[in-house]
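Novice: The chain contents come next:
Number of protein chains: 2
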Amino acid sequence: MSIPVTAGRKDWESGRQEYKKRVERGKPLTKNGSTKIVDSDNAVTLLEAIIQPGDRVAIEGNNQKQADFLADCLCRVDKSKVNKLHMVQSVISRPSHCEIFERGIAEKVDFSFSGPQSTQVSRLLQESKMQVGEIHTYLELFSRYFVDLTPRVALVVAARADQDGNLYTGPNTEDTPAIVEATHFKQGIVIAEVESIVDKLPRVDIPGDWIDFIIPTGKPCYIEPLFTRDPSRIRDVNVLIGMMVIKGIYREYGVRSLNHGIGYATAAIELLLPTYAQQLGLRGKICTHWTLNPHPTLIPAIELGFVDSVHCFGSEVGMEEYVAARPDIFFVGPDGNLRSNRAFSQAAGHYAVDAFVGATLQIDRYGNSSTAVVNRIAGFGGAPNMGCDAGGRRHSSEAWVKIGKESAMMPSLIGDMPRGRKLVVQMVETRGPQGIQCLVDKLDAWDLMKQAGLKVPPVMIYGDAVTQIVTEVGLAHLHKCASLQEREAAIKAIAGDTDLGKQADPAETADLRQRKIVQTCEDLEIDPRDANRSLLVAQTMDELVEWSGGRYKVPEQFRKPQKE
Amino acid sequence: MSIPVTAGRKDWESGRQEYKKRVERGKPLTKNGSTKIVDSDNAVTLLEAIIQPGDRVAIEGNNQKQADFLADCLCRVDKSKVNKLHMVQSVISRPSHCEIFERGIAEKVDFSFSGPQSTQVSRLLQESKMQVGEIHTYLELFSRYFVDLTPRVALVVAARADQDGNLYTGPNTEDTPAIVEATHFKQGIVIAEVESIVDKLPRVDIPGDWIDFIIPTGKPCYIEPLFTRDPSRIRDVNVLIGMMVIKGIYREYGVRSLNHGIGYATAAIELLLPTYAQQLGLRGKICTHWTLNPHPTLIPAIELGFVDSVHCFGSEVGMEEYVAARPDIFFVGPDGNLRSNRAFSQAAGHYAVDAFVGATLQIDRYGNSSTAVVNRIAGFGGAPNMGCDAGGRRHSSEAWVKIGKESAMMPSLIGDMPRGRKLVVQMVETRGPQGIQCLVDKLDAWDLMKQAGLKVPPVMIYGDAVTQIVTEVGLAHLHKCASLQEREAAIKAIAGDTDLGKQADPAETADLRQRKIVQTCEDLEIDPRDANRSLLVAQTMDELVEWSGGRYKVPEQFRKPQKE
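Chains Z and L are the protein sequences, given in the same order.
Be aware that the first sequence starts at 300, since it is given in the numbering used here, and climbs by one per residue.
Be aware that the second sequence starts at 300, since it is given in the numbering used here, and climbs by one per residue.
Honestly, the hints are just simulated from the structure, not real lab data.
This one's a predicted model, so the numbers in the text were calculated from it and none came from an experiment.
Any given hint might turn out to be false.
Identical copies look the same in the list; a pair holds intra-copy or inter-copy alike.
Claimed, not checked - Derived DSBU-like pairs: lysine-lysine, alpha-carbon spacing no greater than 35 Å straight-line:
#1 Lys704 with Lys741
#2 Lys319 with Lys801
#3 Lys801 with Lys704
#4 Lys499 with Lys309
#5 Lys704 with Lys326
#6 Lys704 with Lys852
#7 Lys499 with Lys319
#8 Lys584 with Lys428
#9 Lys330 with Lys499
#10 Lys499 with Lys584
The task is simple: from the sequences and hints, build the whole structure.
Specialist: This is the structure:
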């Protein structure tokens, strides 16, 4: 077909021209006009020189480390120069992340998690100060950085830099490689805050020629010990649910590789491995390979030889020295420090592990679960990525094959073709604090959808992905249910004293127990009287320190008495 | 519970000790005893010094670039020193990859794709010279590098290195970052072959301190132009199917972001964008954002302004100069060359695009599809990862929401909860070369499972993930089917003159057409007489070169007459 070859677009280097122009504008602010180093006093001016109205801007920050200095600086730019920004960032977690919108500097955000600022995000939305693009799981947001949400400017953070701009992140590499690669190679500009500039780095985490400007701040960036749980606050009911998970799921399916979500429920399991799982003879047979941040509550299991390998999304405050002393277990550089990497750890949590096990706040009659609460827009971080079956997985571990064989709805989906699947376990107490019902007819996510103008309710994990729900009443193997109706019955059977639980038909429940679709403590031969805190291998933070040989340093927040 | 804190494992640095010991053994082979550079004459000796029996070893290689020098060297090690290796590698594609097994140096392999050596792999398996661990999709194999298949030694390839060991990959970065990161940070040893050592690299793709030894080979590594399709070999039937895809799917769902599989079917679509899609007024409305290797057949669409962005898994031989001249479209470094990255592009192909569109060889009555053929063990590369719904996806593009709403089986899976999904399109002619039936009752994958000792048949894409099948007879929207039985009927309706097609019930087919579950050309208002090669915007390799302004260099294989 005849179309003139010359009919098309003419300008192919607008991004590169823009890049050069902006870097030139930043150059006079560098220390001697030739290096990449900019004084922290000039940081706001640098942002004003580099960022233009309407830019797509990434601020680094995740559960742990935060480019908080740069976020603060972005709050202080002249709004007449820098405005209408479209933020693309893993988390909205610092007050400054909201202030950027409060002040009218940014107008739209695509993100993954905003737990600590969820009320503020909801308010900003209602006041039309913030538009929410979409809420993602982390790996999905990184993926869009390479497709349709590529940042024009990235504001990232590392521990130290050298004169050439090489970055050392220490244990907190986290999101940096994904953000920098997407930005730099689409002719975007990368600005890094670091604590200090040194002559020689202990290792290079990001090559210097990927970085345009470095700002030494003279202080460490903000880091949150988000994955730390004090064993003293684990309750007997956590122990009970943990025992059911270990005996009814980990042992039953031979779960060797897994990810644990955050919370007391999973912390309890970690502290039961050396005791209850050991009694069951499971050492070396379950929980050997992990994608997990360095949970302090995993220390005893590591010390006792339960664990072969842990790959980390990020680090955890206070765990640095312990991790450094266990290079056979963790991914550690020759400098002695952890190399974390959220993109790879999320990919591994999606594709390489047999089970995702986490807690939730609300589950509906179909097994859809969510931690979304009205008036809070929080997102779900990594949970959707790990709490789903990886449809592209083809390797066939014992656990994957066994649960696939048991999946009663599989034939209605793909005929007689056998296929395995991931175990996705959701733990929930039937009632939460103040007696709130956690197993419900309809998720609060429906209201939140309307409130936030989303196209579908923000579900954390969908019912067809969940293989097991565990409450204090029992364990429901949802994957064994042959229909949605049967799944509903199984959920009701373990819903206890909730409106949903009251709908359970005793005869149907008995039938489900008979068919091992529902298992109570009795069915699992677990004596609830055994389920108490004394079964935890460590019961205080101090005992965790002891298990670590003094290497674990309890973060300050956990040294004073905590409130719920 | 009382367990002595001192009861556990004692040795935590065995990997690090091993690393140090082996690197020391390699040091005398470096040029002056202190650098990382080893003469290519000493490469075999280096491998014998570094690799030990039973090691897990990664050889880099993918569709495109190959660490072929190191693979050849591994064939030549003394088998009494190096044996029982467990290879973990993306592809088995070079004769040397098989020879390592033929000679008894390696005994087990975990991989993703082995198309070019599929007959050899099958033979080695039957002769018990090779054990196949598992067959993966690429991102899944990378994921396992961080969990339970971490390499002890990695043999990788780059274009150039500097004295410090920094690597420059040029456009073919591909798998290198994933392999090196997993190996280096779990105290493994990384050996890189490069064409040459230079004083200053155009850019750093891999930091030098992640690399232990560099071997300059004096010649470029082997690179295969795997994604090149000569437009002159596209047939009218490809054009017909392409028109149905563009009108019946891309337009209907507003597919903006996508990945195309390899082959003439997708090449036809790419060459129809500037003509047929343009006539339909679709420029800027479809196919704007891609995860795709630099397909030469996409050049005209790029030139005419159809395409906003392309992120690449790898490069493509001959496309280097063209890509370098289009930095607004491709991810390109300041050195002017593409930065590809298979891990990120696969993540993006999984999570960030609305559609995966590819061809297959065989589809069964349930919609399960496979390219597996008896006596060939080939794997599927990236297809399973992209050809499945991403269960963790939460962002709601128009295409994702629309096809989710139409998905008739969704309510039986998650109740009244709305959810979107990815479009997964499989194109197949009802009969292949020599009249072989491509729509079948049972996949050959079943036989292959037995032959290769797999636990489940090697399915490329499962029927419940496929949203549309397109044959020359018509388009079946499988996602609109409310049951497996209805899906079977829809597949039979477009199965033409095959045994499966003959089972189609004319009344049921009419009903499916009425309900727009099945659409023929007539239903789509496509005149088959229009469907001929003259509609392709470029019909020869020379015309692609012309569209590229002379920047595309036709690879040698495509300059001589080709055979099918």
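Novice: Tell me the hint numbers this structure goes against, listed in increasing order.
Specialist: 2, 5, 6 and 10
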